[in-house]
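Here's the letter readout for the chains.
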Amino acid sequence: MDDLLSEFLTETNENLSVLDVELVRLEQNPNNPELLSNIFRLVHTIKGTCGFLGLPRLEKVAHASENVLGKFRDGELTINPEAVSLILQALDTIKSLLAVLEATEAEPPGDDLPLIERLNLCAEGKLGAAAAPAKPAAAPVPPPAPAVAAAEETPVSSSGNLTLDELEAIWNATPGPTSTALAPVAAEAADEPAPSHDLVVPDPDPVPAAAKMPAPAAEAASGAGAGGEAATKESAVAAQTIRVNVDLLENLMTMVSELVLTRNQLLQILRSQKESEFAAPLQRLNHVTSELQEGVMKTRMQPIGNAWAKLPRLVRDLSHELGKKIDLQMLGADTELDRQVLELIKDPLTHMVRNSADHGLEVPADRVRSGKSETGRITLNAYHEGGHIIIEIQDDGKGLAIDRIKQKAIQNGMASEGELAAMSDQQIIQFIMKPGFSTAAKVTNVSGRGVGMDVVKTNIEKIGGTIEIKSQQGKGSTFVIKIPLTLAIVSALIVECAGERFAIPQISVVELVRAAADSEHTIERLKGTPVLRLRNRLLPLVSLQELLRLDDQEGGEKKTDETFIVVTQVGTYTFGIMVDRVFDTEEIVVKPVAPILRHIEMFSGNTILGDGSVIMILDPNGIASATGEMAMGETASKEATSVQATRQEDKMALLLFRAGAGAPKAVPLSLVARLEDVDLASVESSNGMPVVQYRGKLMPLVPIDPGFMIGQEGRQPVLVFADGDRSMGLIVDEIVDIVEERLVVQLTADRPGLMGSAIIAGKATDVIDAGFFLTQAYKDWFGSSSTDGYEEERTLQRVLLVDDSPFFRNLLTPLLSVAGYDVTAVENANEALALCEAGEDFDVIVSDIEMPGMSGFDFAEAVRQGGTRWSGTPMVALSSHASPRDLDRGRQAGFTDYVAKFDRDALLYALQQTLSEQKGAA
Amino acid sequence: MSNAKLPATTKKSKGDEITSGGSQDYVTMTIADQLFGIPVLQVQDVLGHQRITRIPLAPPEVAGSLNLRGRIVTAIDVRLRLGLTSRPKDKPGMSIVVDLRGELYSLMVDSVGEVLSLSNDDFERNPATLDPRWREVSTGIYRLNGQLMVVLDVPRLLNFTTMEAA
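As they're listed, the protein sequences go chains H and U. Quick note on this note's numbering: the first sequence kicks off at 331 and runs consecutively. Quick note on this note's numbering: the second sequence kicks off at 104 and runs consecutively.
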């Protein structure tokens, strides 16, 4: 029998027996919505599966029942015993249809119109009237009948012949006396004793007897044969799978583990004894144990591909039904996961793929119109990640329609318009997980009844997993399911640190690097923080010993310079874990740690190694969040990655130079006015500071390194920073290059004058803080009211800059100062509002949008609506997201203008525009 | 390895419902010369010295974890739990394995003694002046010949939320 079909039968039969019980319970307490929605879901599942398997008759019955149940659920019909018995009757019909299906692998012909009619009547609320007359008519087609008929039809003739042949063969093969032995057997087989009596009479001539025997016996035999055949068939289906209590398997596994350990001990003993008579049996024990272990493991672990096996067919059928072209890609099908977990995610996965195909992907015409290929793609991807199994369901369709979700939420009374306005897109998306929510414009056969995402969520949460939705309008949506690894086998790297061994899941290990004084890799330190240069990247390092607060038990006697670095990747964050030694990889079974230790997030579990010792399994996620900047919440990190992505797209011209010892240095080129070569002989001293005459003025010279002594002769390159009539020269050793690079400051330094370190042109480079050196030259550089030579009447405009990133504050402050603004920079909206309270006045406020705590939008609203003195002050939003939607949102919140964060010219222009408008209006 | 294998817990002990007249069986042990007792039905195993894996960042009372026939057992240093100094390294010590809500814990003590059947008439509630840390983990005291035996309450002994506060 078709795998799919037999699975369907098992599953549906199970569902039906649950339904029987649940419906009776429902009748007793009709006001239990949970019960009702559970029933609804079960029927929905049956209907759905029937649809895919091409079982129209079953589907029709299920569909009609579902309609009735749907009315119950929506409260349009009240639950009464009549309706319940009608549904039960429908279930009986389904059951009998299934029985036929199981016997013949096809639906019986005919239809169940009377029943369906009654169900429909019931759904319309007219059951009362129709019930009485319809009842007799509703009796379903007696399904076993065709089965028996079918069984009888074929075998009768053929097996009748067969039996005769057989009999004859037996007669021929047996000498006279044994005929008596045959007789009772035949007598037993035959229903009527009469003909068999004939046989009992010992007959010297067998042939006539055989001829006499025929009709009734043969019929009986064939009947028995057919019956037996049916019986074996039934049991064959049942015998293919057998449900075993998980506890039993767990016990079995524990026993096997012990057996393995004992075997290992025995083998250990054997190895020490050269000649032993135990050698051979132990060898066998060894093999048997290994196989047993493998077998038991297999009972629990299954590749996720098993749960996906149905999907290609499902998608194919769907694409026909919906008239869409769908390409289903499945990656990581061999990712193994616990059988129990697999069972539980199977249905959610099916639902989600169905949803993606139905709601997510557009019809070919729409796709072509929006510039995509005709064929939509659904990608399933499964992989292990730090003690979890991640399953992604991704489609390249139209994405979730936020506006439609909003509408629907309002329509269903889930939220008010006001509430929705205050929600982020992410929060709005969550609505699709609420029961009874469906955005499909019409209820299709496939989906759209509002079961689905809530079932998915319930099921996933039942096994302690999470589900995350990412959606991009027009680009598609991604569902990420994260399931904890309760009992999964992983390959782990065993490492040692301070005399203790730990396991690191191999899945998060990228590579191993040996760092020693004599090797090409050495650990460098930035203010005590270890880093490693690895292929033109700076890799932050984490010392396991410090992290776990391990004290070296060996008293540091084995202190070598050698350190191993386990390069580990968590999401997009790569870091190195420093350990003392690296052993082997070993297949381990993750066991959860004792409840009293669950709060330690460095460990994802513990396990027993082959040698019988207990070892803790490190959780790279925990380590990453405990050490790096990754310590932010799930949603925040998502936000951050998108910001980062935008940042990375923005290249910046950087001036590379050398000054003092250490790494090359860099400064944004936009801040540098000119590059000069100063003749050291012309350097004079004024007010204890080296100065040089420059364009008719005195320009102070500032060295990067305070201890730097300016030579007496020769020439020295100088970076000139200018502002109005002031200029300052930064003395450097050598100007290296100008490069276009994404400036991603990776490590922030505490040293004044440095913003941090970044990889520029493939090297670790210090990014200098120009602002710091400007104040070195002129203490009041930023606070001065410079009298502008060229714009007489303009007084210095005051700008309030609100940005949480010190990097951007440092970058923008000099930039705006240079452009002739008086800049006050604060870290967050609260500080800004405090300035307002304090009576400060500004001509314009420039604010970041993504800030921890109060966002830019909230800040703008607070400024605008608070009736503060600032309510008339123009505000310019700075954001990495400058989509039209953001612009709208910004305008609504009260921003005058909206500028992309990296567009320096646009910012200056916007400021100028805003201020001149303001002036015009005033 | 295991000095005595006691029947696995099938029923939860009746340690708390002590009625007068009957008697209770206790596994006795000594910690710092003080006699302690645990209801015999709560005890799964008695172990000799074991190799224990340290668990970094764990509460100090958690000595580590060990492998007991394929199950991972969390070892608790009862001395630290009772506010005593930890056992000198040269004395091997013994452990009593107990089951709490499906998890196994190994209670590290100085030595394990015999099983005593004690009459409920000799039972007494904790004296009010007892060290609060002890009072918290003990259900009462038995008056024996020449010495007193403190009855340990396993669930409370392993309740680490109060332990951290203590």
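Worth flagging that the hints you see were computed from the coordinates, not collected in a lab. Model, not experiment: these values are computed from the prediction. By construction, the Cβ of each residue, glycine as well, lies at the ideal position given by its N, Cα and C atoms. Check each hint, because a few of them may be wrong.
Unchecked claim - To give an idea of the interface, some chain U residues facing chain H are shown, with a C-beta separation under 8 angstroms as derived from the structure: (1) Val149; (2) Gly151; (3) Arg154; (4) Thr156; (5) Ile158; (6) Pro159; (7) Leu160; (8) Leu169; (9) Arg174; (10) Glu206; (11) Thr242; (12) Ile244; (13) Arg246; (14) Asn248; (15) Gly249; (16) Gln250.
Return the numbers of the hints above that this structure violates; sort them in rising order.
Per hint list: 1, 2, 11, 12, 13, 14, 15, 16 violated.
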